[in-house]
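Asks: Listed in order, the protein sequences are those of chains A and B.
The first sequence runs 1 to 456 under the working numbering.
The second sequence runs 1 to 182 under the working numbering.
Note that these hints are calculated values from the structure, not bench results.
In this text the structure is predicted, and so the values were computed from the model without any measurement.
For every residue, glycine included, the Cβ atom is placed at its ideal position computed from N, Cα and C.
Do not rely on the hints blindly, as some may be mistaken.
[What the hints assert, rightly or not] Within a straight-line C-alpha distance of at most 16 Å, the following computed EDC-like cross-link-like pairs (lysine to aspartate or glutamate) qualify: (1) A:Lys182 / B:Glu176; (2) A:Lys272 / B:Asp147; (3) A:Lys51 / B:Asp21; (4) B:Lys27 / A:Glu183; (5) A:Lys208 / B:Asp147; (6) A:Lys156 / B:Glu164; (7) A:Lys208 / B:Glu164; (8) B:Lys27 / A:Glu44; (9) A:Lys51 / B:Asp19; (10) A:Lys172 / A:Glu183; (11) A:Lys20 / B:Glu164.
[Stated by the list, open to error] Pulled a few chain A residues facing chain B out of the computed Cβ check, cut under 8 Å: (12) Trp81; (13) Lys157; (14) Ala211; (15) Ile263.
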Amino acid sequence: MMVNHAQNAQKFLSDKKMAKWHNEALWFVRQKRDNAVKSIDEWEALRQKAKEIKSHTLRYLRYYLQEFEKNAISNGIEVYWASDANECNEIVYKLIKQEDGKKVVKSKSMLTEECGLNPYLEQRGIEVTDTDLGERIVQLANQHPSHIVLPAIHLKKEQISSIFHDKMGTQKGNSDPEYLTKEARKDLRKKFLDADVAITGVNFALAKEGAITVCTNEGNADLGASIPNLHIACMGLEKVIPSAQELGVFTRVLARSATGQAITAYTSHFKKPKPNARLCVVIVDNGRSSMLHSNIFNALSCIRCGACMNTCPVYRRSGGHSYESVVPGPIGSVLNTQKNIDKYASLPFACSLCASCDNVCPVKIDLHNRLYIQRQEAIKHPEFKTKREILKLSAKIMQNPKLFAALMNIYRRVGKYIPNWIINSKYNIWAKHREMPQPAPKSFAQIYKEMQNEQR
Amino acid sequence: MSRDKILSNIGDIIKPLKDIDLDIDRKSFNDKVATFKQMLQVAGGRVVEVNSLDISTIKSYFLKNKNIIDTTKQFTDTQNAISGKEYDITIIEAKFGVAENGAVWIEWNDRYPRSLITLSEALAIILRQDNIYETMQEAYNNIDFEDISYGLFLSGPSKTADIEQSLVFGAHGAVELTIFLI
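Bound-form chain A, shown alone (with noise of 0.2 Å):
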């Protein structure tokens, strides 16, 4: 089945004081992230730099990994490598019974969302924590994440006040922010003691220190890790950068552009196992490699900050459940139309076109191109059988002048006797949001011939 991103994105803006906040929240986190860009002057050239990394790493990619591994290992870390989602959960789900583990504390990783580990651990008699506040509102919920730095910005304080009180018995009625994140504090705070496992995702591996680095506001990584004796952290294969040294670019972008902080509070290198403790990578390919090879390879560049969405005037009005992938906005709809466009035909059209992402991407990344080029494979999708037929007949006429002409003089002579009722129906549905515009009197053709008499 195709998703329908049009038809979600009707369903979300039938609530319309929740649309209109959620498309106002996000551009307030667009704006912070404008004014923590100009604050630095350098900016465009920090992200030309960070451009050339990603270009650089991506083009010598195999050699990265191999570094990577090797100084890892040496560091004592043990590195895994899974083909494809479900070798990954196998990987993980061995390293957990490996340590006779039970309960899992699990910092924010769009990867492991991605290969549905939560699901394939839960169904293993394993418990598993989402320990980010935003992750953890939606696993309370029973939901999955609508962006990918703001999992739960598609909710209420309200609903979250009145999700809390049925799990953990917090106030009924009492959705004050900080009242509600400090009785989480102290639900997860027990969780954290208790675990056996943390799993962790990675927003940077380092090739030449063999080291990990993770990224959060809230410390959940860092406080998850410290505790259990095993930590796993699992990566998508185009996370390595050549070194810290790039880490310089990398840390000032990512956090700017994601929130409009100046960095994130914490920002952790692991490089070594605690003592007497295991840290193990997985490496993870789920479709990437092959994905390197097509015509939008640059999209592996991305690093996650969840800009893009913030901007999207589309992502903003439609909410990120309409794109039913764990990526939504336009990078999602970019990586998800490459993986399996029979289902996501429709996310090259969630799109005005307006390059918003691009601009704001501090990786440089041309999202409204690659949307464009992938519409020319989606529209070919049997569910756009219609929309492909009107167009080609759009495009005959257009291309004969003499036929145009010909058809737009009788719509102009017509067109103003047939009523509303039809020309605006169900059935005419490039009139669904708007009103067929009402015909000049004269062609401009017309018009600009009397001109040119007059002027003789």
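Assemble the complex: chain A is given as a structure, and chain B must be docked to it using the hints.
Replies: Showing chain B alone in chain A's frame:
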């Protein structure tokens, strides 16, 4: 084996001929210490300027009867055995600070549990004014990863804005972060 399959799918192994040139021209800050203090406050941290440091000075900035753990081993009266799992205040010496974002670099060599950093209610961090770099690029140029097992940049206390974008300090880690600037 998945490893070999993945690697061969990526392509041939090509060794880059040279490192990437990371130099970026920029104007220096007028006063990097002032910028550091300002950015730390934006990040929710507290700055205390002191001429010299002793345990009673540090204590005077926190509520009484708090359990203090000193990882700098400068102060002899706090050598409590670390047995419990949660702590009140931990004193840490930062290697350096970064002006552009108010972060401090902490190197951990596992003499103390890593959990001290996040389980403590408050962090008291000692930083010398001479050890402030302007940007993260400068900062990374001055880190030697050779002897580090775990190292982190900390910028203010733990925070979250996951509920309606309202900023709350103390999401999971330290609720308070005070930098004693010498």
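Asks: Checked against the structure, which of the hints given earlier come out wrong?
Replies: Numbers 4, 7, in rising order.
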